[in-house]
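There are 2 protein chains.
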Amino acid sequence: DAADILNELPIKLREEVLAGLDGVLRSQVIDLLRYDENVAGGLMAKELITARVSWTVVQCIEEIRKQIEHVSKFYAVYVVDDQNKLLGRVALQQLILTDSSTLVKDIYDPEIISVETHLEDTEVASVMRKYDMESIPVVNVYGQLVGRITIDDVVDVITEQAEEERQLMSGISEDVEEDDSIWRLTRARLPWLVIGIIGGLISVQFIGIFEADLLRITAIAFFIPLIQATGGNVGIQSSSIVVQSLANPGFVEEGLWGRLAKVFTVAILNGLLLSLIVLAANLLIGGGDERLSVIVSIALFAVVLAASLVGTVTPLVLNKFGFNPALASGPFITTINDLLGLGIYFLTIHLIL
Amino acid sequence: DAADILNELPIKLREEVLAGLDGVLRSQVIDLLRYDENVAGGLMAKELITARVSWTVVQCIEEIRKQIEHVSKFYAVYVVDDQNKLLGRVALQQLILTDSSTLVKDIYDPEIISVETHLEDTEVASVMRKYDMESIPVVNVYGQLVGRITIDDVVDVITEQAEEERQLMSGISEDVEEDDSIWRLTRARLPWLVIGIIGGLISVQFIGIFEADLLRITAIAFFIPLIQATGGNVGIQSSSIVVQSLANPGFVEEGLWGRLAKVFTVAILNGLLLSLIVLAANLLIGGGDERLSVIVSIALFAVVLAASLVGTVTPLVLNKFGFNPALASGPFITTINDLLGLGIYFLTIHLIL
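Chains L and X supply the protein sequences, listed in that same order. Just so we're aligned: the first sequence equals residues 9 to 361 in the working numbering. Just so we're aligned: the second sequence equals residues 9 to 361 in the working numbering.
Hints in this document: simulated from the structure, not taken from any laboratory. Take every hint as true, because none was put in to throw you off.
You can't tell identical chains apart in this list, so a pair holds if it fits in one copy or across any two.
Subject to a maximum C-alpha distance of 25 angstroms in a straight line, what follows is the list of computed DMTMM-like cross-link-like pairs (lysine to aspartate or glutamate):
no., residue 1, residue 2
1, K270, D188
2, K138, E119
3, K328, E185
4, K93, D44
5, K138, D164
6, K113, E142
7, K54, E128
8, K138, E77
9, K138, E182
Full structure from sequences and hints, please.
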């Protein structure tokens with residue numbers, strides 16, 4: 009029926025279609041509409057207490073008395089005009105403290121923050137956090153009040169967000185918990201592990217190319233874990249800082265280039281320090297090939313730079329295309345960083361040694 | 009003075025000392041007390057609206073009128089006895105809907121959930137989430153009302169918790185943000201990177217022990233990244249699942265042994281599948297040493313088991329000793345897993361090949 013067809017349309021378009029329907033039919037269709045779980049419309053409760061702007065306080069209280077059974081927690085009465093357009097709110101304490109013959113229009117607070125039905129739940133959460141709100145009204149594209157979201161729903165959104173991020177960072181591909189079935193737990197881990205394995209198998213072929221170098225100087229192999237681990241750590245650190253900035257929108261003022269310049273400076277400093285530590289350690293403890301020690305440090309420096317760059321750019325790109333940027337801290341990018349690190353290491357050796 | 013000395017004592021002991029002081033002095037000292045930021049006492053606001061159980065509704069409203077300027081958001085009036093002991097609450101809507109001569113004792117809800125001052129903020133958050141509360145009263149060890157915590161404070165706690173976890177998982181040792189100074193960003197990353205480097209340098213020495221094996225069969229080196237990456241991924245996945253369970257207390261019913269049995273079963277399944285994939289790939293593509301291929305798969309299987317075990321046990325141990333278990337998903341444990349993986353790989357080769 010009509011509602012089903014409308015459910016297939018994007019929310020904005022859908023509400024424009026609705027506006028073409030007449031009163032009774034429209035409100036019936038609206039009741040049947042579904043919203044995605046992850047937008048304001050899907051998060052909101054439709055039960056709320058509204059008051060016409062022309063009412064008196066005593067009429068408000070009468071309305072509360074009527075609705076109280078249906079509305080589980082409420083903090084304010086929302087004030088609307090004759091077209092159900094949201095005008096403002098009256099806090100409960102205001103109702104308690106005001107004389108009952110006062111008109112709503114004289115006491116309501118018109119400076120009200122609301123969200124539209126199609127806003128993403130994480131955006132709703134950040135608006136409510138920013139303004140320390142315990143509930144927020146939801147309006148459609150015409151500014152008509154359709155529901156409200158309370159802070160306890162937002163707490164759930166924030167918690168789920170953190171859990172999703174943890175799973176992405178750790179490369180678990182389903183929403184599993186420790187007491188799920190063994191089969192489900194195994195399956196949830198497998199995809200990322202297989203990607204890691206594929207990366208590992210590519211490494212096998214890649215290092216194979218340099219077999220002649222390895223035959224000449226076996227010690228080249230000794231440094232593979234050092235190069236790889238450092239590349240991985242630097243990459244995860246870099247992406248994590250970007251993910252944090254993206255989670256707090258409006259936080260970072262700088263543009264892409266300023267950001268990259270800064271990341272590069274930090275990478276150069278870290279890279280220099282680490283390379284010098286490794287060089288000193290190799291020369292002091294190793295007693296091995298001095299030429300190789302120098303080359304290892306040069307390669308390490310290059311790996312730190314490359315991993316910083318990949319770690320910074322990847323979450324930005326993922327975010328741009330609508331993916332969760334926390335993916336960048338997970339095993340997929342780590343695998344790419346591993347390969348990149350190996351590539352830089354063996355090419356440096358091959359070219360210089 | 010007295011408050012400073014008391015600040016040094018554990019909260020419980022401190023409140024027992026306070027009970028020995030007489031009325032006026034006690035309340036003066038209490039006002040001067042500081043609580044740690046991360047317990048209920050440090051999170052709470054002391055401004056709240058209380059009503060004696062013997063009052064009428066009209067007296068309540070009078071009290072609200074007096075206090076309204078000091079209390080920024082309130083959802084209920086807390087009901088106390090003559091000793092300021094918390095008895096229950098009256099929701100605001102109840103006050104609106106009740107006749108003003110009604111007695112508080114006839115309308116208050118005695119089934120109230122409160123927390124004690126010394127409860128950790130993360131525990132407060134999980135209590136409030138569990139019961140969908142918008143505010144929770146805080147009492148001292150004698151059940152006396154001392155403050156209240158609102159949900160917006162808890163939202164901040166949950167958000168900070170998620171950010172701390174992200175930083176621990178990514179090995180960043182200070183609470184830095186992208187627009188901090190270059191020096192601060194560099195310094196925050198360095199400790200974990202140096203630990204990774206130390207791990208890498210230990211690998212150098214360790215692989216050096218097996219130089220003779222490497223000279224005999226260079227291809228041994230080809231598989232180092234494969235072994236290491238898989239160990240790392242399995243370890244992070246395992247610890248992440250445990251961290252998630254620990255973040256939702258009371259969620260996992262099983263004891264340690266049931267848990268480990270399950271982890272081991274999942275590890276055996278994943279290990280078998282991955283080993284077979286690698287074996288098939290090596291035999292099909294590689295065309296190399298068949299004996300080595302079999303040994304690589306055996307070592308890989310052992311590494312998956314060991315990394316699962318370390319990944320599961322470490323966060324449990326960290327949690328037991330009061331550390332944040334998310335540390336276990338960070339670079340420190342990854343470094344240990346790397347070394348463990350290399351150890352298993354080279355020992356397997358040395359013993360079998």
